[in-house]
Amino acid sequence: MSLTHRTLMLLLVSALLACEPKQEATPLTAVGLAAALSGGRTDPVCRNRGPRGEYLGPVPGAEHCQWPTVTRGAEFSTVTATRDSILGWTSLTYERVFSDTARVRVALDSLDDAFTAQGLVAHRCVGGGLRWYSPSLVVQTMPAMPRPAGGHVMMLYASGLPAAIPSLFCPDAPPVTTPRDPSARTS
Numbered sequence: 025m026s027l028t029h030r031t032l033m034l035l036l037v038s039a040l041l042a043c044e045p046k047q048e049a050t051p052l053t054a055v056g057l058a059a060a061l062s063g064g065r066t067d068p069v070c071r072n073r074g075p076r077g078e079y080l081g082p083v084p085g086a087e088h089c090q091w092p093t094v095t096r097g098a099e100f101s102t103v104t105a106t107r108d109s110i111l112g113w114t115s116l117t118y119e120r121v122f123s124d125t126a127r128v129r130v131a132l133d134s135l136d137d138a139f140t141a142q143g144l145v146a147h148r149c150v151g152g153g154l155r156w157y158s159p160s161l162v163v164q165t166m167p168a169m170p171r172p173a174g175g176h177v178m179m180l181y182a183s184g185l186p187a188a189i190p191s192l193f194c195p196d197a198p199p200v201t202t203p204r205d206p207s208a209r210t211s
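Using this note's numbering, read the sequence shown as starting at 25 and increasing by one per residue.
Since the hints were made in silico from the structure, they are not lab data. One should not assume that every hint holds.
Pairwise CB distance ranges (calculated) [claimed, not checked]: (1) Ser-191 <-> Thr-53: 15 to 25 Å; (2) Phe-193 <-> Ala-59: 21 to 31 Å; (3) Gly-174 <-> Leu-111: 16 to 26 Å.
Model, not experiment: these values are computed from the prediction. Beta carbons: idealized from backbone N, C-alpha and C, even for Gly.
Required output: the full structure, derived from the provided sequences and hints.
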């Protein structure tokens with residue numbers, strides 16, 4: 025095979041590879057968010073009771089799950105969620121203890137960058153905190169609160185069900201609507 029022929033083949037293969045359709049980004053989900061917030065862990069420990077042993081209700085397959093997280097001295101976090109066999113993952117709670125409010129602001133800025141890059145719309149709540157939303161995920165942070173033991177706690181709630189995070193947390197947030205299933209019939 026001549027050098028010219030090899031060069032043309034390489035150009036052809038390169039052109040074909042460049043014309044490959046780009047993969048669409050997978051929408052962020054509550055369970056994907058839990059894995060990201062726990063440092064990439066995808067192995068939650070699940071029980072059919074709440075964190076303090078409480079009954080989770082009559083919904084079949086109801087479980088409370090907790091992901092292992094990274095601890096750095098006085099800064100630590102917990103990632104928990106509930107799921108059931110009807111709705112799947114319905115809510116996620118992330119609590120992170122920071123040594124000071126400057127670190128809370130850095131974390132919130134990073135979350136804002138990450139969520140808006142995923143296509144979620146940001147909204148600053150009147151009472152403090154932030155809300156990001158899309159038709160398939162709502163994420164809400166509460167204002168950081170001081171801890172009696174020192175440091176500040178940042179709390180984040182997320183759900184794939186928009187109604188699961190009430191407007192009481194962010195009364196001025198626009199309503200989030202879930203797109204209708206075109207195959208569902210109303211008549």
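Each hint, compared with the structure:
no., hint, verdict
1, Ser-191 <-> Thr-53: 15 to 25 Å, "holds, 22 Å"
2, Phe-193 <-> Ala-59: 21 to 31 Å, "holds, 24 Å"
3, Gly-174 <-> Leu-111: 16 to 26 Å, "violated, 38 Å"
When each numbered hint is compared with the structure, a violation occurs for hint 3 only.
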